[in-house]
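**Q** Taken in sequence, the protein lines are chains A and B. Be aware that the first sequence starts at 1, since it is given in the working numbering, and climbs by one per residue. Be aware that the second sequence starts at 1, since it is given in the working numbering, and climbs by one per residue.
Hints were generated in silico from the structure; no laboratory data involved. We put the CB at the ideal spot given by N, CA and C, even for glycine. Some clues are possibly wrong.
[To be verified] So the derived list for chain A, only partly shown, Cβ under 8 Å to chain B, looks like this:
id, residue
1, 73
2, 78
3, 107
4, 108
5, 112
6, 114
7, 115
8, 130
9, 132
10, 307
11, 335
12, 336
13, 342
14, 344
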Amino acid sequence: MPATTAETVARCQTLFDDLDFTAARAWKEAAPGRKVVGFLPVYAPLELIHAAGCLPLGIFGGGDRMEVIHGDAFYQSYICRIPRSTVELGVTGRLDFVDGMIFPFVCDVIRNLSGMWKIMFPQVWTKFFDTPQNFDPEVGGAYYIEELKELREGLERLTGRPITDAALRASILHYNENRRLVRAVYDFRANAPWKAPASEVYLLMRAGLMMPVEDHNGMLADYLDAAEAEDRPRRDNVRIAIYGSFCEQPPLNLIKSVEMAGCYVVEDDYALVNRFLTEDVPVDGDPIEALATAYLTKSVETSCKYVPREEDKGRFHIAQIRKARAEGVIYASPSFCDPALLDRPMIARRLTEAGIPHISFKYAENSGQMQPIREQAGTFADSIKLWS
Amino acid sequence: MSDAVKEPSMLLQKELIARNYDAITSARETGRKVSSTFVPGNLNELLLCFGIVNNLPEINAIQNGMRKLSGDYIMTAEKSGHSEDVCTYVKADIGMMGKGNIAPNGKPFPNPDVLLLSYTGCYTFMKWFELLREEYKCPTLMLHVPYEGDGQSTKNMRDYIVKQLKEVIIPGLEEVSGVKFDIDRLREALRNSARAEDDLVWVLEQGKRTPSPIDAYFGGVYYIGPIFTAFRGTTDAIDYYRTLRAEVQARADAGLGPLMPDGTTLSEQKYRLVVEGPPNWTHFREFWKMFSDEGAVVVASTYTKVGGMYDFGFRHDPDNPLESLADYCLGCYTNRNLPSRVEILTKYIEEYQADGLLTNSIKSCNSFSAGQLMMMREVEKRTGKPGAFIETDLVDPRYFSAANVKNRLESYFQMIEQKRRGGSRAA
Ligand code: SF4
Ligand code: SF4
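This is chain B alone, in the form it adopts within the complex:
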């Protein structure tokens, strides 16, 4: 995305990411320890307490997807016995290992000192780190976060997570890092998190405006970047979200839409969509353009909630540090049951005055995808707004059929038009 036009927040984010990759790849020289962990339910504030650098394999897979490297990595993994049927993030990661484990800054990743298996909302995580553990032979700390099968968390779930933090995770991280746990340090980080979270929520809620000054899916990927990854809990994240908020405020004041990669703003907004499911990364810009060319803006999305559902009120809480980490893990989007997901989507359609729900169903991801067809029908039924379904993959270029996606989108927009005409006739 080198030719993309960038706002200050994007430059800031780019710098943050580059700095983190440098911290990871120079860890052996600086003596810092490196962890690998997942985005949903990640415990970045806790890692900060131990000075451990956070490397997120999903983010590496995304980077490799966007840089068109993942296809090759996936094939490498498949050749070594990994099934074509399983999540391509895992294979992109394992394939990258097979090709020298080179970070985006061109330097090799060091082996992780610890695999922090924050097991929230996705089965694959468990196997992914069992697979990595075979290679790295490093300590693996499992934090099992129970699924909210009945639509809410219970005291038992929360107690279980807190107990694991106390008995397994914190002692494990102490051992790896040689740093004694200091709860006040954690409180400080959580305080920072909550401030950044306030600004993130403000930004996401601007999708309720007409025109929307944000794109909550393609643009949303950038908005969530720092908070979902290695920066939540830092003052850098506070600065990032303050900057982002000011930019969005300026666009909103000027009545402008979100910034597109080509530097224009999408201010002529014909369709307002809610999107369910992660994006495709191998054709990210092409995919985005299919929306913007038609004047479609995404006003709310669920992908921007996989690393925490702050818009429903949750904030990291320095007064209840471990409990709040537990609540955070429990509340991530894919850890919520399907009736809750249907309610969330319905609420988004209504509150963000969307024309309908578009589902991008990801072949890799059963956590998101299993049940999405029914969810879409249910949301259609409840909102009276039409839904549409497209199928792509995250980082496997073989599963992105541009013509198919484009066709689907075009007919969906026609459907929305028809619905509007029908609607106005009836009115």
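Bound conformation, chain A alone:
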């Protein structure tokens, strides 16, 4: 019997709530020599970690359930929450089983956190992973291929085993499958959002960052089957897209509040690593080159990537909004988040030009008060209904 949506979501919720990462610990202990490699938002080539035989573990902050005691002593008040809760996870020993940490380029906060990690946890293999901002295969591509090779070598040193091309190809296939299923869930939600509430899809996507990709693939397939089969009441909600939330994640209650305020979320940039590459990565050539090319030519537009041509700015968002048939956009960004907040006026302008209504607000991963957000989202939903 495949799992019901409720059962799947309950499993995801357990993983999501568990700040001791019991499942990842169990995975590691299940066989000798297993290693766990943590990664932060927004994008890391998980295929390489997987091909190294390691478990990629998404470290996406502490959410609203963790009391940050030490982390605040590391950060000034004007810096976002995710680095401080990540430090908290580290200093409280919750990540003591993690053998390596990858800090991908997203902004200077996470960049600097990579160096702090090196000082604080010298026993952990810590890698700042810089992706190119030049998208010419001969220039940025050549650079990126070498960076990927360096990452591969780092992982090989960590495990003491080579990562063969065959293993990497096999991993790419698993992740291609994962991307296909993730897209299928998003498409399904865009078609029938009442059957796949945003809070459920969110948990489903977050769970994928904490379990082997093979298991996640099974879970996504089960969820799709079950969600299709289940009947759920359809409401007169408006369809919205949420952007700006690609790094520090909002509390789950925020997503629920937006839904309760009369919005169906049909598109978002939560847990973006699952959808960062928008198409299959080919497995017939050199797999490292294939990963590099996919990044350069088939990846999302988001704030940690430079947009080389002015006319392309926001184009990806508009296309996604149209595809998901969203009627409006909530640009919800973490407080003090430079990438999201510097981008906001540009994206907002493009949305206005395209005639797409939008509002914005800020949150923190531990925001508690949802009333204002519910009111704002509710008013927004009403105004869309009224004017469309």
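Got chain A; can you put chain B with the ligands on it based on the hints?
**A** Chain B with the ligands alone, transformed into the frame defined by chain A:
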């Protein structure tokens, strides 16, 4: 700072800056092209090869901060949808645009012909020029400089930068200017740079003397002016640094401290500090006075390294022109990882015999600020010298609380005293 007492080097610098602003604001009449670019990793020598005038928006923001205009500009930008949370340099720049884009010489800035996005050490740069590009619709040339995450540059990083210079930046500048690239011209400029850099390093290293004839933070802002901006690579910069060096030499010979804005020299030096982080510009003199009133001199700072870390041996190299531009960009202070920054600060404390590390944490600047609390503790641990932490902003006057800063500084100096007494008891 009109009533400030000025030495010949300062007058020279003032004249250089005025001349550059005139070159920028008269560019339409003279037919010269104008670029905008950033201080860290700036490619001034390359711009010189194309006869392009260099306008630096960070410097405009600083000028507007010192002239008390930035607060208004920032509010203007915030009213038009820019978040209160982001870097105030960006908002000061965008707000200035909204108010007519008037240069310090009272004439309007022309729109730039090219945005040279030298992307070194700071995320905000990328968005800043994406924002400007929307307004100016001019070519934008991105030079992506990878971050030294593992504490050093690699061949791959260097090759990547050189390739971008060859494939993107140089052809782009040729197109904008209509001037063919001449590598010998670049070599000549780099030779000039290296000469000025030698003198700058000599000046900065005088902070090792007791008393220090320089102030490496407040005074340092003036010392780095020409080399961090539109003059590196010119003979003007060589002259400036020769003059500056002679002045510092004269003070050192006379056993005098650095020149204060009121014309006195800070020769009674009770505290020697290393400072991490940029200064506040809206209350620059008031801030400086809080130090000098207490007899505190800054002997080394990291802010004077954002536009290049020459004191660690790097020089622009005419024999390897593009590679040396790449190495320059890679090595700027904020492009170095935190363990390297901790090492640099530790070395400064030791080599400049400082009493401790003061961090001026800037609300605007995650590049500098994220991680500074840990850095301070780490430096304290390694040197045994006390650290202190103050928080201000660059050009947003709302974030300068004079009373708070003063209190913090006073208690810090007391702490240093206590430490000394404790230290001498133990000895
Ligand atoms: S939330 Fe924003 S500012 Fe904070 S680490 Fe993430 S991208 Fe950087
Ligand atoms: S964030 Fe810091 S380094 Fe970047 S532009 Fe602002 S002040 Fe300069």
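**Q** A separate judgement is required for each hint: does it hold in the structure or not?
**A** How the hints compare with the structure:
no.: 1; hint: 73; result: holds (7 Å)
no.: 2; hint: 78; result: holds (5 Å)
no.: 3; hint: 107; result: holds (5 Å)
no.: 4; hint: 108; result: holds (4 Å)
no.: 5; hint: 112; result: holds (4 Å)
no.: 6; hint: 114; result: holds (6 Å)
no.: 7; hint: 115; result: holds (3 Å)
no.: 8; hint: 130; result: holds (5 Å)
no.: 9; hint: 132; result: holds (6 Å)
no.: 10; hint: 307; result: holds (7 Å)
no.: 11; hint: 335; result: holds (6 Å)
no.: 12; hint: 336; result: holds (5 Å)
no.: 13; hint: 342; result: holds (4 Å)
no.: 14; hint: 344; result: holds (7 Å)
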